[in-house]
Amino acid sequence: DQQVKQNSPSLSVQEGRISILNCDYTNSMFDYFLWYKKYPAEGPTFLISISSIKDKNEDGRFTVFLNKSAKHLSLHIVPSQPGDSAVYFCAVRKQGAQKLVFGQGTRLTINP
Amino acid sequence: GAGVSQSPSNKVTEKGKDVELRCDPISGHTALYWYRQSLGQGLEFLIYFQGNSAPDKSGLPSDRFSAERTGGSVSTLTIQRTQQEDSAVYLCASSLEQMISGNTIYFGEGSWLTVV
Numbered sequence: 001d002q003q004v005k006q007n008s009p010s011l012s013v014q015e016g017r018i019s020i021l022n023c024d025y026t027n028s029m030f031d032y033f034l035w036y037k038k039y040p041a042e043g044p045t046f047l048i049s050i051s052s053i054k055d056k057n058e059d060g061r062f063t064v065f066l067n068k069s070a071k072h073l074s075l076h077i078v079p080s081q082p083g084d085s086a087v088y089f090c091a092v093r094k095q096g097a098q099k100l101v102f103g104q105g106t107r108l109t110i111n112p
Numbered sequence: 001g002a003g004v005s006q007s008p009s010n011k012v013t014e015k016g017k018d019v020e021l022r023c024d025p026i027s028g029h030t031a032l033y034w035y036r037q038s039l040g041q042g043l044e045f046l047i048y049f050q051g052n053s054a055p056d057k058s059g060l061p062s063d064r065f066s067a068e069r070t071g072g073s074v075s076t077l078t079i080q081r082t083q084q085e086d087s088a089v090y091l092c093a094s095s096l097e098q099m100i101s102g103n104t105i106y107f108g109e110g111s112w113l114t115v116v
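Going line by line, the protein sequences match chains Y and G. The first sequence begins at 1 in our numbering and counts up by one. The second sequence begins at 1 in our numbering and counts up by one.
Calculated directly from the structure, the hints in this document are not laboratory data.
List of simulated lysine-lysine pairs, DSS-like, C-alpha gap at most 25 angstroms:
{"hint": "1", "chain 1": "Y", "residue 1": "K94", "chain 2": "G", "residue 2": "K57"}
{"hint": "2", "chain 1": "Y", "residue 1": "K94", "chain 2": "Y", "residue 2": "K54"}
{"hint": "3", "chain 1": "Y", "residue 1": "K5", "chain 2": "G", "residue 2": "K57"}
{"hint": "4", "chain 1": "Y", "residue 1": "K5", "chain 2": "Y", "residue 2": "K71"}
Generate coordinates for the entire structure from the input sequences, incorporating the hints supplied.
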């Protein structure tokens, strides 16, 4: 029973363009949403987060959008840079819980 | 230390042997997590420790898996009688006690386990 789904295992984007990564979740009790970035042979690193009381959070080139009615989360990266090539995981937390539930990840490749 | 430290970074073991993986969390972080990532899969929650509370073991896949955390700091994940399907990256993470907005989980680089 996959509570968090990233339906695109991979995404290829040209440098300078916008990268859009998507994530769907099933449980309306989730109240905190995060994106992590992972390079090969390294642990995931925190990128950006959003709480359920907001629908948008922006940090430099990264913006996370939350659509609670659709139970959909997206990460926009603009402009995309070669260093953005990595695997991106969305993660969610249920109200009152401490652990995060992760999606399967999307491998983003930025082409020069 | 500055970050979450895990050892060994790589481990190759024969099927049926026991393995121990170690995690040293960020100083001051009271919560400690173990996740694993199998090939082509997402991060799968295994176990969570919080201070002196009973650990949340709900993610452990079988009774061959166990973990302990001594003195509220270092944790050891033990896999007994390893099987080939145990091959994965085992990731440890720590966080501050209160997971308020802005606090996040910080991951180590992982221990790559290969069972042959």
